[in-house]
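Colleague: Please build the complete structure, drawing on both the sequences and the hints.
What follows is the residue order along each chain.
Number of protein chains: 2
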Amino acid sequence: MTDFAQITLIGMGLIGSSLARAIRSHGLKTRLVGCDSNPQHVAEARALNLVDQITSDPIDAVKSADLVILATPVGSYADLGARLCPVMKPGAILSDVGSVKASVVKTLQPLMRDDCHLIPGHPVAGTEQSGPKAGFSTLFDGRWCILTPPENTAPEKVRALEKFWQAIGSTVECMTPDHHDMVLAITSHLPHLIAYNIVGTARHLEEVTKSEVIKYSAGGFRDFTRIAASDPTMWRDVFLNNKDAVLEMLGRFTEDLTALQRSIRYDEGDKLFDLFDRTRRIRKQIIDAGQDEDVPDFGRHTDDIPD
Amino acid sequence: MTDFAQITLIGMGLIGSSLARAIRSHGLKTRLVGCDSNPQHVAEARALNLVDQITSDPIDAVKSADLVILATPVGSYADLGARLCPVMKPGAILSDVGSVKASVVKTLQPLMRDDCHLIPGHPVAGTEQSGPKAGFSTLFDGRWCILTPPENTAPEKVRALEKFWQAIGSTVECMTPDHHDMVLAITSHLPHLIAYNIVGTARHLEEVTKSEVIKYSAGGFRDFTRIAASDPTMWRDVFLNNKDAVLEMLGRFTEDLTALQRSIRYDEGDKLFDLFDRTRRIRKQIIDAGQDEDVPDFGRHTDDIPD
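Sequences listed follow chains E and C, in order. With the first sequence counted from 1, adding 79 to any position gets you my numbering. With the second sequence counted from 1, adding 79 to any position gets you my numbering.
Honestly, the hints are just simulated from the structure, not real lab data. A couple of the hints might just be wrong.
Chain copies aren't distinguished; within one or between two, either way the pair holds.
[Claimed, not checked] In silico DSBU-like cross-links for lysine-lysine, where the CA-CA straight-line distance does not exceed 30 Å:
hint, residue 1, residue 2
1, Lys212, Lys350
2, Lys289, Lys363
3, Lys108, Lys236
Modeller: So this is what it looks like as structure tokens:
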């Protein structure tokens, strides 16, 4: 059930195409329109029959939509907003799925007409893969979707968007854009940054060959390569658009790492043990909260039942 | 098939108990003796029927062994070596599974009798879990085991140990202890260090609550908590015993991270994109090399077949 007679998805990548699949698999009665500027994505979305109408023309895609969801890199929003806001249907909601929120409000709010409603959103879900073929219908099941409605947004519009995300399996929480950006800086942006960084460091070693890095990656490194395989355009835009919070978290991370480095240098085994012992517990809390599965090594050894 | 009439495993944790299971499941004909100083591990190993004989007395465990494998934290080797070397059977091999190798040679070599053979080893395999119940028989399947025999080690002894690891599914490579420690510093030790560190940083924030870190961990953070849930004693000993290589790799990592931080501060989007684009490729090479599975998000969405 949804209040939106037409939903338009701008961008048919991992998230946009997963939204299309989730809307269909949850039986939401709505006309579903997809739009992508990449001709290959358009062809794939058509071949996969993901939406009722697929087009490369965003103006055509949004003019009858009751809900428009931007699912493109956030660096594209300024241009898209300037083109779409003038032609949107009165009463329609403009939302998105971007991983940063304060810059999205700053970009889109000045472009909004008084009779339309900006309610930015962020489903905390994804994989390292990209494109229409990478999507799947259960991506949002049991995951959180954060909405950051500007003050004075009509409550019934926020409620309608909440109901939409709940209908495809998510739990919704509202917060300010600034708080969102701080929370995601530590839970998502910094993890990606240091994963990209260590993979970069490994590429430049002289003492260790690239084939050795690959052969012995099961020691831990391979976990980081998954995250560092995420979409480069999307992540460039995330870091450029959440600079303050990322730099703040990065400063704290580096400070802590320097202290840890010092403990190694001066053989402070007790300090190392103390940190390693505390961090162990947070894993259990994440599993207890249903945010990861209770299987060792991410279930890589699924063929084997422990004796 | 194995050349060892008796194999003794010192330590019945994740690795020791997995070795016992792998030896049994691959049908190696050998008398299998297990030893652990922790009474609960002894009881669990007995209940699980992991070995032919289980004891808490390492001297009793090793005296008839043709191959002794230390599978305890490397910080315990000095004491164990001093007690075990005098009572080992003439011609026996002393090996181990520790994640560092130069310090192991330095610790054990002076304790060795002329009629026994030190051949340190390191199976590059594991999970974040610990104890006899956490082990499983396929842990070493398709993984690499690195041996670091000192110069002048009898070649037939090295060959016998190689055959043992191959018989339980591993591929063996020999290298010097120093090179091993440099390779593993980047592929295993540094990834663990920065995972422990970011989880530590997240615990100390004032702006973001712990419950928010847990709720929104699916954005990337949860991946790091898996590694940061690894055994604290083992990892304390790794960092204290591979100080030089870890500090060297950490220095390079921090240097690269500082450059990345600067690119974010000065909006150098092209530099960010360039790094993020290059790192993506190494993931594919790891999958092509059979060192990780070709499933998005570590297969977390196994219930769902992409449409």
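Colleague: Look at each hint and say if it fits the structure.
Modeller: Hints, verified against the model:
{"no.": "1", "hint": "Lys212 - Lys350", "in the structure": "between (47 Å within a copy, 28 Å between copies)"}
{"no.": "2", "hint": "Lys289 - Lys363", "in the structure": "between (34 Å within a copy, 13 Å between copies)"}
{"no.": "3", "hint": "Lys108 - Lys236", "in the structure": "within (18 Å within a copy, 71 Å between copies)"}
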